[in-house]
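Participant: Quick note: the sequence shown uses the numbering used here, first residue -1, plus one each step.
Fair warning: there could be bad hints in the mix.
[Claimed, not checked] Distance ranges between label pairs, derived from CB positions: (1) N292 <-> A199: 27 to 37 angstroms; (2) D277 <-> I363: 51 to 61 angstroms; (3) R107 <-> D277: 57 to 67 angstroms; (4) T143 <-> I314: 28 to 38 angstroms.
Derived by calculation from the structure, the hints in this document are not laboratory data. For every residue, glycine included, the Cβ atom is placed at its ideal position computed from N, Cα and C.
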Amino acid sequence: MKKIFTLFLFLLCNYSFSQVSILNGQDTTRRPIVTAVPFLLISPDSRGSAMGETGVATSPDVNSVHWNNAKLAFIDKKYGFGMSYVPWLGKIVDDMSVSYLTGFYKIDRVQTIGLSMKYFDLGEIQLTDNQGLSLGIENPKELSTAFTYSRKLTNDLSIGGTTRYIWSNLTGSISNYSDAKAGNSFSVDLGVYYNKEISLANRTSELSFGSHISNIGGKITYGSSKSLDFIPINLRIGTSLKTYLDQYNSLTFALDLNKLMVPSPPIYEIDLNGNYIIDPLTNEPKILKGKNPNRSVLSGMFSSFSDAPDGFNEEIKEITISTGAEYWYREIFSFRGGYFLENMDKGGRKFLTLGAGIKYNNLGIDFSYLSTIQNDHPLAETMRFSIAFIFDKIEEDIEE
-1 MKKIFTLFLF
9 LLCNYSFSQV
19 SILNGQDTTR
29 RPIVTAVPFL
39 LISPDSRGSA
49 MGETGVATSP
59 DVNSVHWNNA
69 KLAFIDKKYG
79 FGMSYVPWLG
89 KIVDDMSVSY
99 LTGFYKIDRV
109 QTIGLSMKYF
119 DLGEIQLTDN
129 QGLSLGIENP
139 KELSTAFTYS
149 RKLTNDLSIG
159 GTTRYIWSNL
169 TGSISNYSDA
179 KAGNSFSVDL
189 GVYYNKEISL
199 ANRTSELSFG
209 SHISNIGGKI
219 TYGSSKSLDF
229 IPINLRIGTS
239 LKTYLDQYNS
249 LTFALDLNKL
259 MVPSPPIYEI
269 DLNGNYIIDP
279 LTNEPKILKG
289 KNPNRSVLSG
299 MFSSFSDAPD
309 GFNEEIKEIT
319 ISTGAEYWYR
329 EIFSFRGGYF
339 LENMDKGGRK
349 FLTLGAGIKY
359 NNLGIDFSYL
369 STIQNDHPLA
379 ETMRFSIAFI
389 FDKIEEDIEE
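Start from the sequences, fold in the hints, and give me the full structure.
Facilitator: Written out as structure tokens, the structure is:
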């Protein structure tokens, strides 16, 4: 399918897959946070997506690198790999998708390594300049590759670290006609996972907590070194409770909270025509409330909890809430459901999720479905398909 956009609109739409920006004037109440390469935050697999996009504290699996790299140390298998495919924004286009490959290898009882790759294909796009002249058909794409190391510190606690390379080519060969070029960056993820067996109503249960900061890395540019954009540094914290109802049935409840650790957009001074008032000293728009978003990565991270123009109330609005549940029968059949909520002023995503899975020997197949409150929402009816091959560890191959 060929989509006709100007280059500017295309870049804007790609920067934020769930939000709307205002070009003239500003909305002083709705201020979604916009970053570059938002594909890094797209949930890649069916299990976590079916549980309302929870995963920081759920039981470990082959896709743990995305949700919480520290969980890999708790995997009780020798090695495994998985593949996921997501037709993206299928309500409005038919050739955009996210593909995800991941794998792990357990070195010994306390150490596990993992690899992952995410590929975002934005489909064919007819690019035009500001005068409406065709610049040709391009196929923008983005890619990230990551290496993870996870280690148990105690029987109940683990940590993880990930290094990631990010490549974003939004314009293809259009760079022959402009200053645009592919963007590159590196980032790291840091994770902590705690899992404790407890007794609840005389039933064996597992209580887990997790925290994961992803995409801590340099800003990215698509041309001018003066135009640098934050990548989506994200803090995810959460908990889960898994209860074994009997020898055949188990039930898990999970809760995740997410917050972007990048600057909140300020409120700028505008004139009677709704145009920004430019400060002659800095040649930048004057800020009425909030802080200047042009900060270093570390400054942007640490001030992201106190820089919103409307103070603490707005900071709370920037937190998304994910809840989910998972039921297993004989560790063969699973059924999942969840709910995701984002404040209307910060993007307004609200959706229900459902999914199911089956495991047979070393093979696992999962599916998820997303249902939005709004029928015409671009994310409506998003489906994810995942397959995993997990191989049991061989006791004598794993050193004490």
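Participant: Each of the hints needs a verdict: does it hold here or not?
Facilitator: Status of each hint after checking the structure:
no.: 1; hint: N292 <-> A199: 27 to 37 angstroms; verdict: 54 angstroms, violated
no.: 2; hint: D277 <-> I363: 51 to 61 angstroms; verdict: 57 angstroms, holds
no.: 3; hint: R107 <-> D277: 57 to 67 angstroms; verdict: 59 angstroms, holds
no.: 4; hint: T143 <-> I314: 28 to 38 angstroms; verdict: 35 angstroms, holds
Comparing the model with each earlier hint shows a violation of hint 1 alone; every other hint is respected.
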